Every structure is written in structure tokens, then in C-alpha cells.
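Undergrad: Chain residues, written in single-letter form:
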Amino acid sequence: MTDGTPSGHCGSPEHFSRRTLLQGTLGAGALWLTHVAERLALADERSRGRKAPRSVIVLWLNGGPSQLETFDPHPGTWIGGETRAIDTPVKGLRIGSGLARTAEWMDRLAVIRSVTSKEGDHERATYNMKTGFRPDPTLVHPSIGAVLCHQKRDDVEIPRHVSILPGPWPARGGYLGDEYDAFRMGDPANPIPDVRRRVPQERFRRRVDDLLNVVEPAFARGRLQDLDRHTLHQHSFRAALRMMSSEQLAAFDVSKEPASVRAAFGDTPFGRGCLAAVRLIGVGVRCVEVTLSGWDSHANNHSAQHARLETLDPAMSALIRELHERELFDDTLILCAGEFGRTPRINDAGGRDHWPHGFSVVLGGGRIRGGVVYGETNANPSRDEHDPLKDVALPRPVEDIHATIYRALEIDYEKELQTPIGRPMTFSKGTPIGEILEEA
Amino acid sequence: MWKKKALLAVLAAVGLLTIGANFFNDDRLEEPSVSVVPAWKSTDLRHTVAKLDAAFEEDWKAAGLQPTSRADDLTIARRIALGLMGTIPSLEEIRALEKLPPEQRLPSWLEHVFSDRRYADFIAERLARCYVGTKEGQFILYRRRRFVSWLSDQLAANRPYDSLVRDLVAGNGIWTDEPAVNFITVTLDANEEQQPDPVLLAGATARAFLGMRIDCLQCHDDRLGTVTLGTPEEPREGLQQDFHRLAAFYSETELSLLGVDDEVGRGYRYKFLGEDHDELVPPVVPFGQEWVPKGGTRREQLAGWLTDPRNKPFARAIVNRMWAILFGKPLVEPIDDIPLIGPHPRALEILADDFIEHGYDLRRLITIIVASRPFQLSSTSDAFTITDRHQEHWAAFPLVRLRPEQIAGSIVQACSLTTIDARSHILQQLIAYFQSADFVQRYGDKGEDEFVDRGGTVTQRLLLMNGDLVKEWTEENAIRNASSRIRILCPDPEKAVEVTYLCVLTRRPTPREAAYFTQRISETPKQKRQEVLEDLFWVLINGTEFSWNH
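Just so you know, the sequences run in chain order A and B. 204 is the number that my numbering gives to position 204 of the first sequence; each next residue is one higher, with no gaps. 225 is the number that my numbering gives to position 225 of the second sequence; each next residue is one higher, with no gaps.
Derived from the structure by calculation, the hints contain no laboratory data. Being a predicted model, the structure only gives us computed values, none of them experimental. Among the hints, a few may not be true.
Unchecked claim - A short, non-exhaustive set of chain A residues, derived as facing chain B with CB atoms under 7 Å: (1) Trp78; (2) Glu123; (3) Thr138; (4) Asp178; (5) Glu179; (6) Phe183; (7) Arg198; (8) Pro200; (9) Glu216; (10) Phe219; (11) Leu224; (12) His233; (13) Ser236; (14) Arg262.
Stated by the list, open to error - Derived DEER-like restraints, expressed as beta-carbon distance ranges: (15) B:Lys528 with A:Asn190: 30 to 40 Å; (16) B:Lys528 with A:Ser303: 32 to 42 Å; (17) B:Gly267 with A:Asn190: 54 to 64 Å; (18) A:Leu389 with B:Asn158: 50 to 60 Å; (19) B:Leu257 with A:Asp187: 38 to 48 Å; (20) B:Glu494 with A:Arg238: 27 to 37 Å; (21) B:Arg310 with A:Gly422: 45 to 55 Å.
Beta carbons: idealized from backbone N, C-alpha and C, even for Gly.
Make the full structure from the sequences, and use the hints.
TA: Okay, here's the thing in C-alpha cells:
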């Protein structure tokens, strides 16, 4: 198999058992490593053997959230800034003070504090995190939602892959085809775009009849016999009509929720997006990506990050609670991530810059062990930042997150499939993080 | 949104003062301003076209395929407009074209397209995608828009392609003053030392200028037989060394206060797979080493080698891409994976040879392709059933999905009687730009991957059925929109149907279509006819025919 770019896989860590892992790291002299064994042991207790989730919700923190202000605070150190750490129901697990409500749910979530990549540019890193592959000039890889929709068949009348408040690079189908691109929509307070006919019913029906009965046959004459297999034009036209008249469209409409539920998510576009995600998952949508932008805090990091947390915290905690309330939590896998983290060092403008060498990603829901912390970053990293990876315990490349998710979803990510350019590809080249997965 | 509305208001005021020509009375049309292009008729060009046609005819015979008959002039003119300008002919242009004697129509139309800035702009964007991708990149050190507009200037002046590429590969200076160097600065790595990346440049050079994908050699020798180098007599597998020796040509490239520059003598070091230490890698090209000029910087040597007349892969790469731009699909797929050692399609060789012999003239290349039989074949046949094999062998014009910007450009043009080009009112252009930019995003831009075959999507259908662009350009607007102007200026129902078909589909309705829609208009009271015309525009825009090049 050919490979267009040097991959993180070449240097990916071996799959250690927990014990050898701990020994190995200690042997390497990382004496600052703490509590890993206890935390992993705690995870064992939570294993309950749930079934594979059917859907995925991606909370996409566009711009690069700071691990130090969110899920990996180091208060009181030279890198810690002004952020305090607060307790969670999980013994020994403390997260940033801006996540007070989410903290209460940490026994249901797994935090990976040691994610690494080689991409420090927003666009490239977003591609990397959304697909599990580095950008490759010869091929566009599919994102998680596209893979999930490709691998599972459904009879749902609305798009199965949705991106709410998409940033500049929403989830794509890539080589699987544009039909797997996420359906993009804005703030759920507004109606979803392009699903309402612009003329009265009778006139619209006449338009459709004229198209299908008069104009389409004129074009099809003398062409390929199975023209529509090739163009998918009428096929997608009919699917669009079906969507326009579907009752499932109501799932997009958050105003149907009681005021108290809406209030819990926060009166923000992102909060409404998260509520819409819960409703969409409820009617069978496979993957919803909800984007919260504004994390790129090169200046005034503390206030910028905390301003974003005021939106994230209520929405994320309410999302987890509502999924539980509706008995959808075990059916849903939650991924909360951005394209990279931010530098331990605070720059002269009080900001933190891009940092792909040890940042945090949170997973939760179906098949994910709650209350687990995997990996660790050094509270007192070397100041020269020459070899940043030595300050990360149990580093895991981005592609391992994808392998973990596909394993949880029971998608055979190692199976090779032929791409349109004739190059065999797998859905992920990573290795699942077994420590945060429940047994099937 | 307010910007759009304000623009529309101003446009309406201006438009009242400048109601355009009446295109329903053919006599009022101006004569076309261009004469027949001599190149089209030149003996040596006709000779190449004849050779090309003969090659296809032999292939059809060998494959036992009967080609379709020739398409009509309007269909071919539409293909040319879509391929080279990203839009369809306006009613104004159709009328001018039809006034010409049949043998002058296509040569004249092509010359009209070449002289139109939309040609240079559209092709510049297509080429930019293969040179620098679609990424906006780091604004401080990379200006994509400058780069595209520089490319457009070169195309407008029909600069020889070899000389254009020499600027890209070997150019120096600041990215804003010398936009060609953005080919280099697009590879600056945000993480590293803000210097050009020889590895990315080597991959881009091979794909863009040689039509070869050697990216996999970056990490390891070819073990799958996907990259064959050497000569026809002595083929060999591609090695990791081949990639890095090519990259070594970019080792002197640096970013200084003067912009892109060369630090002459700086070497390239690399640790090959399985080796313990890195080593100095010499600049060596993967084939035809004897064509490398002796003097100059490493990049000047590389540029000289690429554009040496003996370097056929250089010509094949642009021929294959230009073919894809015109037909929607390349002669060799994938577009940038043309084998170094054949066999190559005969058409590719004939066109590449002609391109090299005639000074790397892009317009001549385009003219030959457009004048060739495959480009002018119909995509339908009443005599026999068209199969996938007809399309594979170019025995029928292939059906290819249009790119989003072609759809957006076509909608705006279809709904306007006059030509929307560089001469059209600036406000009209701005409105078209704002609306089509939104539209392209939602329709789904294919990025660099733009010649990969795809079917349509639900989002695309919803956007054309219910989206703002189609609604705003088809609804009642007596100053701008064709639907209203046809109602006002064209009271005869039959004529109104014909004009609408010409505007949207660049053809006349079939007798069944004409009868059906004429009756629909005739039986509608006058005050309701606007609705019927809007509906007809909607129906034609939403059909397969509008979204697929044919």
C-alpha cells in the first residue's frame, strides 16, 4: 500500500499493558508521573459491558482549546496561568474551574491527556483530527460521521450526517463520496436551510410533475440506459423531496422543547446546537457535529478560554444529562475535541499558541469507560520545548482516537477498501486505546 | 445579507436608466466583434486535428464501437463556455453566434472566449488548484488570490506555458510583488522555521508538472509497482532516493528579507529508511539527467530540465489536465498519475508532441482539442444504445457533473438576458459574486479533487429547489431577471418558451416540450404568466441536463 505522507504511525507507541507502561515510563525517569495506575484501576470497576453505540456526537472546539484551561489544568505551576482546578466525582481527577457543571459528569467520561500530532496549522490539524489522517495531496479521507454512515444502513428520511454551526472545514465524505458530507446548518433557532418550498404546494407539485414527466424524459432520450445510476440526480431529487415532507424534520426544531430544558443548554447557538443534536440522535441520525469557535487565544488566553467555557460548560453537561434522560447515552458516543491544544508557555501577550504535543480529548457514552484518565502532561515541562514529547506520558497519536472510536462502534477499521484512485485504504491506521474501552 | 440587499437596491436604480437591448428581435443585434481565428484554419493545426481524429477512429474501429454523430453548434458552444469560462452562453451571445455562417461559428466563438477575461480567470483557478491547492494558508507569507490573478494575467497574454512554469519553479522575490513565488511559499510550515519545504515542493512538482505521483517514495522504495522509472528499455522501480534527490533541487530555496531567494551551495540531508545516519543527498532528477542545464541555481536547473523539449512528461501533464478541463475527465486517470513509460493513449502523445513543437501554446492546444471529433460528438444517439464503453473510448461525449462554480455561474447567466462578464455592470458582477460564493460553499466544493467522478447529493438538490440563488434570479424583477423580461418583451407564448430554453439549456425545446409549455402559458391569464415563466425557469434549472455537462 502506498502512503503519501510520513505518518505518525511510524513512531506510534507500542501497545503496552498498564503495568509495563507504568514501569517503562518510570524507567525512563519521568518521576513526575502520578496516579495513572490508580485511575486506570478505577476504570476497571466501571466496566459494565454495554452494547455498541449507534450514533456519534462530536463537540468540535474550533481554533484549538487550551488543555490547561479545560481538562488538564496545572494550577500553581509556571505553566498553569490563572486557572484553578476543581474536584470531580472521580477521586484524583481534577479539571479546570470553568467546567463546574461538566465536572459532575466526569465519572461518565474518559479524558485522554496525551494526544499528539504533527500538525500545528488550523486547517491541516482539523483535517487530521476529523479524519485520523494527515492531509494527503492525492486523496481526501472521510471523517468519522461519513465512515459511520457508509458502514451502517438506515431508513432515515433526513440526512444521517449533520454539521451544526460548521466552521470553515466541516466533516466531509472524502473518497467515500459527497453524499457522505455532513449536511450543514446554522443556529437551530433559525429554520434549516433549503428544506421549505418557495411556492405554494399546488404550484410546487406542478413544477415537480413538469420536471419528472416532461423535461427529464427529454434529456434521458438516447443516453445511457441506466442514466440515473450514473448521475444519481433523480435519486437525490426524490430523497430531497422525501426530506422536505418528513416529520423527522421536527427533530431540528428545538423550540419544541420545554423552556427549562432549553435553558439548561444555555441561550447560545452552540447550546441550541447540542440540544438539536440530542433530538436528531433520537430520530436515528448517525452523526452530529456541533462547532463552538473562538478558542484561538494567541492573546489574553485566560479570559478568551473562559469566555468560551461559559458556553461549553452548560451545553456539554446538559447534553450528557439529556442523553441519560432519554436513555440515549449508551447508544451514543461523544467526542469533545479541537484541532490541537495550546502551549504550556504563556506568551508576552498573555496568550497561548498552537500546541499539538500533548493535548486533551474527551470521550464518553457507549462502550467508553467513565471516570478514566489516560496519559499525563508534565506540570513542569522543560522550558526549551526542544523535545516536547518527553513531557508527555503515554503519548497517543490522533489516529488512535479514531481507532478507539471505530472499535467502540464495531466498525472494522482495518479492512482495506478500494478508493476511487485505486489505492487501498483502511479507515484508521491507529491502535485503539484499550484502557478506555469496555469489553464488547 | 444587508450588503446584498443594498447592492440590489442600487442596481435597480442604475438599471432603470440602462435598460438593455431587446434580444427578441434578431435584427437589432450587433455584429460579433471578433473575426474568425486564423489558427483554427491553419494547415498545420488542421493536420494535427486530422491525426488526432484518425487515432480515435482507429480505436473505435478496433473496439467495435460506432461513435455518435456530431452535436449541434450550440451544444458545443455550451461545452466550450462551461469548460473555459465556467458558465453558459448568454442569449445575447447565442443570437450573435447564430448570425454567423455555420463554418465560422465555433472558431469565432472560441476566439470570443479567449478574448474574454472570464477565460483567463477560470482557467487560472483550475491551474492554481493543481499548483497550490485550495488552502488559503498563512496570509502573511502566502497570497493565494495574488497568485491566481497573476496566473490569470499570464493566460490572458497567452504566455508560453514553459516560461510560466519556469517562473513558478525558479522565481525569486516577495510573494506580493512576484506572485509566482507563492508556489514556493505555500509550503512554509507554520510549525517549523518558516522556510520552504523541499519535500512538499518535490511532491507538488512531480504531480503538477510531470503528472506523476511519487509521494509514496518519500517514505520508502516502491514495492507495489506503482512508480516505474528508468527508460523503456530498462524500467526500474522507484526508490526513496529518487524522491529526495528531486527534493534536493529545492534545498537552496530560502525565505529572506528579499522574499524567496537561493542560498547557493546549501545541501540537502536525509536519513533514508534503514540507515543509521542522515546523508548529503545530491540533486538528481528521476529520469533524463542529461537534460539538466549546467549553470544556474538548483531551481533554475530543475526548471530548465522540466521544460526541456525532450521532457515529454511535462507536456503530457498539461495536455491531460487541459483535456480534463474541457471534457470534465482526463485522458489518463487519475489526472496526475500518468505512467512515465507507456503505453500512453495516442491522443495524449499527438497532443503532447504538437504542444512541444509549437512553443507550449495553451490556446493552440485548446483549439486542437475543441476542433477534434471527440469534443464535437453528441452525448446522445437515436441510432444505438450508448454504453459505458462509448464514454470510455470517447465515442460519445462523456456525461460529467458540473462543478459548483459552473452551476452558480450558469444559474446567474441563465437568468439574465445579457452577458455577465467583465464588461457587465460592476454591481451585477458583485451580486453574482456574493451569491455564488455562498452557493459554492453549500453545493460542496470538491477542492483539489475536482476531476473525480461523483453523483449528485441531496444537499445540491435542496439548494437548487429551494435555495436563495435560484429564487432571487428567477422571481419577478423587471430590470434584471430574464423571467420578467421575457414576459414583458415577448408576449408570444411559443417564442417565450423557446427563449427560456435558449437561456437556460442553450437549446430549443423539443416539439413535445414546446407544445406542452406553450399550451401552459396560453391557457394562463396574462396577469399570472409571470408565475408560469418562473416555474419554467425553475424546472429547467432543476433537471439533470442543467447540472451535467453533456
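Undergrad: Next step is simple, just say for each hint if it's right about the structure.
TA: Hints versus structure:
Annotation: interface hint on A:Trp78 violated; nearest CB of chain B at approximately 23 Å, more than 7 Å. The restraint placing A:Glu123 at the interface with chain B holds, with a minimum CB-CB distance near 6 Å, inside the 7 Å limit. With a least beta-carbon distance of about 6 Å to chain B, the hint placing A:Thr138 at the interface is held under the 7 Å criterion. With a least beta-carbon distance of about 5 Å to chain B, the hint placing A:Asp178 at the interface is held under the 7 Å criterion.
Here the hint on A:Glu179 is kept, as its CB sits about 5 Å from the closest CB of chain B, short of 7 Å. For A:Phe183, the interface hint holds, since its Cβ comes within 7 Å of a Cβ in chain B; the closest pair sits about 6 Å apart. Interface restraint check for A:Arg198: the shortest CB-CB distance to chain B comes to about 5 Å, inside 7 Å, so the restraint holds. The criterion of a C-beta within 7 Å of any C-beta in chain B is not met by A:Pro200, whose closest approach is roughly 10 Å, and the hint is violated.
For A:Glu216, the shortest C-beta to C-beta distance to chain B is roughly 6 Å, which falls under 7 Å, so the interface hint holds. For A:Phe219, the interface hint holds, since its Cβ comes within 7 Å of a Cβ in chain B; the closest pair sits about 4 Å apart. Restraint check, A:Leu224 versus chain B: the minimum CB separation of about 5 Å is within 7 Å; hint holds. At about 4 Å, the closest approach between the beta carbon of A:His233 and any beta carbon in chain B falls short of 7 Å, and the interface hint on this residue holds.
Contact between A:Ser236 and chain B, as hinted, is supported at the beta carbon level, the nearest pair being about 5 Å apart and thus within 7 Å. Contact between A:Arg262 and chain B, as hinted, is not supported at the beta carbon level, the nearest pair being about 26 Å apart and thus beyond 7 Å. Roughly 32 Å separates the CB atoms of B:Lys528 and A:Asn190, a value that falls within the hinted 30 to 40 Å. The given range of 32 to 42 Å is broken by B:Lys528 and A:Ser303, whose C-beta atoms sit roughly 60 Å from each other.
Between B:Gly267 and A:Asn190 the beta carbons are some 58 Å apart, a value that agrees with the proposed interval 54 to 64 Å. Look at A:Leu389 against B:Asn158: about 52 Å separates their beta carbons, and that is inside 50 to 60 Å. Look at B:Leu257 against A:Asp187: about 46 Å separates their beta carbons, and that is inside 38 to 48 Å. Look at B:Glu494 against A:Arg238: about 32 Å separates their beta carbons, and that is inside 27 to 37 Å.
The hinted range of 45 to 55 Å is not satisfied by B:Arg310 and A:Gly422, whose Cβ atoms lie roughly 30 Å apart.
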